[in-house]
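Novice: The primary structure of each chain is shown beneath.
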Amino acid sequence: MSIFIDKNTKVVVQGITGRDGSFHTKQMIEYGTQVVAGVTPGKGGQKFEAVSPRGEAIMVPVFNTVEDAVKATGANTSVIYVPPPFAADAIMEAAASGVQLVVCITEGVPVLDMTRVYPFVKERGVRLLGANCPGLISPGQSKVGIIPGRICAEGSVGVVSRSGTLTYEIVYQLTRAGIGQTTCVGIGGDPINGTNFIDCLAAFEKDPQTKAIAMMGEIGGTDEQEAAAYIKQHMTKPVVGFIAGQTAPPGRRMGHAGAIISGSAGTAAEKIEAFEAAGVGVARRPIDFVDLIRARLK
Amino acid sequence: MSIFIDKNTKVVVQGITGRDGSFHTKQMIEYGTQVVAGVTPGKGGQKFEAVSPRGEAIMVPVFNTVEDAVKATGANTSVIYVPPPFAADAIMEAAASGVQLVVCITEGVPVLDMTRVYPFVKERGVRLLGANCPGLISPGQSKVGIIPGRICAEGSVGVVSRSGTLTYEIVYQLTRAGIGQTTCVGIGGDPINGTNFIDCLAAFEKDPQTKAIAMMGEIGGTDEQEAAAYIKQHMTKPVVGFIAGQTAPPGRRMGHAGAIISGSAGTAAEKIEAFEAAGVGVARRPIDFVDLIRARLK
Amino acid sequence: MNLHEYQAKEILRRFGVAIPPGEVATTPAQAEAIATKFGTAVMVKAQVHAGGRGKAGGVKFCKTPADAKEKAAAILGMKIKGLTVEKVLVTVAADIGSEAYVGIIVDRASKKPVFMVSAAGGIDIEEVAAKTPEKIRYHPVDVRYGLQTYEAMQLGFFLYSDVKLARAAAKVMQQLYAAFIASGCSLAEINPLVVTPQGEIIAVDGKMVIDDNELDRRPDIEALRDESSEEQSEVDARKHNLTFIKLEGNVGCVVNGAGLAMATMDLVKYYGGEPANFLDIGGSSNPEKVVNALRIITEDSNVKAILFNIFGGITRTDDVANGIVTATKANPLKVPLVIRLTGTNEELAMKILTDNGFTASKDMDEAVRHVVAIVKGEKAA
Amino acid sequence: MNLHEYQAKEILRRFGVAIPPGEVATTPAQAEAIATKFGTAVMVKAQVHAGGRGKAGGVKFCKTPADAKEKAAAILGMKIKGLTVEKVLVTVAADIGSEAYVGIIVDRASKKPVFMVSAAGGIDIEEVAAKTPEKIRYHPVDVRYGLQTYEAMQLGFFLYSDVKLARAAAKVMQQLYAAFIASGCSLAEINPLVVTPQGEIIAVDGKMVIDDNELDRRPDIEALRDESSEEQSEVDARKHNLTFIKLEGNVGCVVNGAGLAMATMDLVKYYGGEPANFLDIGGSSNPEKVVNALRIITEDSNVKAILFNIFGGITRTDDVANGIVTATKANPLKVPLVIRLTGTNEELAMKILTDNGFTASKDMDEAVRHVVAIVKGEKAA
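Residue numbers (the working numbering), protein chains in the order written: chain G, 1 to 298; chain R, 1 to 298; chain S, 1 to 381; chain H, 1 to 381.
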């Protein structure tokens, strides 16, 4: 089992003919993801060529609009690799087209765009992951986004994280230690994103295959504190958490807008305290996840 | 019993110190409506004086904002008598303040304003009646708006209408014939309004006191046809209907925007046909309501 | 309020829509001068608030300035659907590759502005809707978000498979939508939207109808009103806050409220009469309004009798009675008057009327039967 | 991106906010000339991207032009929180009746722009929030609708009981909101919003922070960037698409991804070291980026050792390896280098490094322990 995506996920790639879109579409198909359609305005009718895990050539039809793509292929998930100024429109296009899940990889989406996008997708009951996220992977089933497939392994740990490469780091360490994952989800580090920790925790709680959860937070905001409160109240499965940014000076940006300390809210110390109060195992170092998770899987 | 308003309705009047607002507030209080607050920006702290049905002086507190009025008095219904350019804002202010019912009397609200107002009130689960409507009255209990109280009588007929004075005409004829009403509702004749025939029909169907319904439609739009379809499917109580505008030439406005015939849709003949197909008694003349309703009350 | 083609085009041009150059002429000589200035073939187009100008001969292609002068002379002064042509638009004639239709109306059912687009442009959209409905795409716009780029592109691709044209059309949709919202329209359309043989997208005709309720806050749009092109009795009524529409019958009607006014007209018809007009004196009572209403109705020589049907709610019936007395004293009526009054202050109103030699009924049905009998000659006034 | 006070005020003025006249001076003589022109008492205000200008002596009241010249001379060149004052704003000194605070930020929790208003203005809003939180009203705005008049009036009445002032303040809220949205702000504030003894409402100070992600589509705002007032190494990094923040430690860090970069710094600290910087080379791989990253880090003389921690996803580790080789060949490093690489093309990367005399680890924890041991002198490079 898994959350959000599985073997039946049918993906439409927005921006399939772009630099990032074409590279990652090939990677997704190589991993075994069912990529059923691509979208690039003006390239409707063309085919995008890739190679399946069994080495077969796959021809993905390209459409002018997501609407056309969904009608023709029944895609139920979209993944977006379009430049930042067009990302908000692409998300709304996907959400209006009938897909259930929209994964926006694009980094650099203006936050005011997201204040419009968020209610738009919510009104339609569509799940948005991101923007500025690495996507998600259910090892052995499907990957939607850019998480490297080879660092993952099938197993029983749910992973949810605000950052990209830090997620890879921790998944890699888990996999090296023989600990596989049900689904690894990167929710993205922007101030406003479509899916938060609690959404993922709730889904992992429901997923029978998931036995423990690893979550990686960051300084800034109060998402981790709210997640901790949720864990205390609603979760029966063990959770291990980590907060990046303990050494970040207050009030300075650290690469993405998620990492601002505004006043007293959102410090690493505060978040770790919330974790401890909620019975969340706290990894002080990335490597600590291995032992903490292993202990909880027994 | 009644629909939408009853003895417990607590009204805040927006524009209470204006010409129409003050006149009708006095009328409402004289009828016995619980008017608990008024709003006029800048007149917060003043009192509005009126006379109760028992001849007592009533002092209604005036507030600067609906928010203040609702907090201080627990008003659950707002009625709006502000000039057209401010009406949309007034409706939104009321809907955001926590009242459950907003009745907008103001005529001449731009239709594009209503395209914004409509989703705003829906999102909050607030019922809007109007704009450009005479309001509603539950005889013997409460009146919110401008329907003259003396033409109504307590009884078992629900009345719902798109027009103002035509409603009075028919209610007057019913009352003269000894046929009283549960609630008389004027939904307003504008192209976009908050409450439609179906909303009222559904409420009358649920109201145990209501035994029959009189509805007055007009040319233009397809609300009456949709109401007819609803009646056929969902209503057990008898309905008598009337359509004004049989002699109106196609494509000409007749005083308010509700009365446009656009192409073939919305003619009187079409609507009357829909009524007949749904088993709705059709009044050819206003006076016909008396016999048609009386026959159905037996 | 309807705008003329040239006014709608001026607004659309401000919002970025490409439109062939054009100027308005009120004389054949002006039309010639404009055509000379453009130095190309032109169209001379009647500016009246009526559809079917082309079929009526109000739109002509002119190869030369002399031709433009001649055609303008023919069109100026022409009557189209009862309206006299006072102005023509002289505009550069466009090369037409293909014609599409793009319009927006406010839709009652979805409670939203709705785009209608069709690659079958250049003819009435009603005709397309009736004969080939599959050639129209409807698209409601959520005004909270406005017309998103992806929506405009969907519409663009519905019209053109070429991405450059689709993009250009999408831009026109966004410009049209912006103009629609900013001008307080209830309808705005471009028909035809033309692709020239050179691949440019231009608006060759434009139409806008403004929601009358928007005019108070848009004095710039109100200033575009062309009263010379409207029915004069309707202009007169509007100035006095009356809603008046002239019809073909002989029973003049004065009623308060649009619904009751229509019901009254219907009842006149039911009993075999023909209403001469729709006239709503509105809610607020004011003897002056009644005076003006009577004056406007009696200007119609078809009117053989006048019916008042007043249900006093906000309207005070004594105000109406006073208005009737004042108006008839100043200008004695030449046709019979049937009055029905009930509601607010009806006892006072009845007294005023009786004191001045009028009679009045309290019953609508009775009053209508009475007035119809009079015009049929079955009964004296 | 931070705007200077004078820039923020210029934008607010365009949106209709009343602001006392002011001009920028870069020399004392200019300041004197501006004060002479205004012919009234002025304020001379340091234009730097740092809070607490007043406390640092960067804001002065000047009765005469000579006074303005003298104060400007003192302020220009002054260092405030490490930043040199290059410009002063010379602005007409306002009569102050009362001071309020009005600000908007984008709020993570509500996912909306949120107004913060307080009648306790003129001081830091953080201070008000800490000491008298009841004096602040927060109001989230639904961007789909914008700030409605009734909302602005609620905020206006929260500040002033007088309806004229409430209305005027409501107007300022709407202007500030319009400026906030149109400029792509993540923060905009007026502090203080002043009521003069004459009852006028004016903005005496203004602040705007622009979302960096908005700058690509707002070249007019990007053009306001004042690089002279930013940390030079950070300006340099931004030009090369690196995110760099200088810190006080001695372990230089080059990492891909912000989360991993912070985790790396934390781990340095965990093992007893101090990071010298935050540096994210981002996702796309490019040897040039690595060259620039190394150059920027080595300009900091505090740096005693450099740690690379690269987890190759999109980033190709061979690109990073090539960058390291190129950079160190051109400018041999004076400090030890510890490299951790894993992920995309790691075999190739390892070969490139080994061929060029470098060693590299695949393990983050090991690499961090190693670099910390080096700077502590416990271990050789």
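No wet-lab data here; the hints were simulated from the structure. One should not assume that every hint holds.
Listed next, the in silico EDC-like pairs over lysine to aspartate or glutamate satisfying Cα-Cα at most 16 Å (straight line) [said to hold, decoys possible]: (1) K43/G - D236/S; (2) K43/R - D162/H; (3) K122/G - D142/S.
Predicted, not measured: the structure shown is a model, and the values here were computed from it.
Novice: Quick one: which hint numbers does this structure break? Sort them smallest to largest.
Specialist: Going through the list in order, the structure violates hint 1 alone and respects the others.
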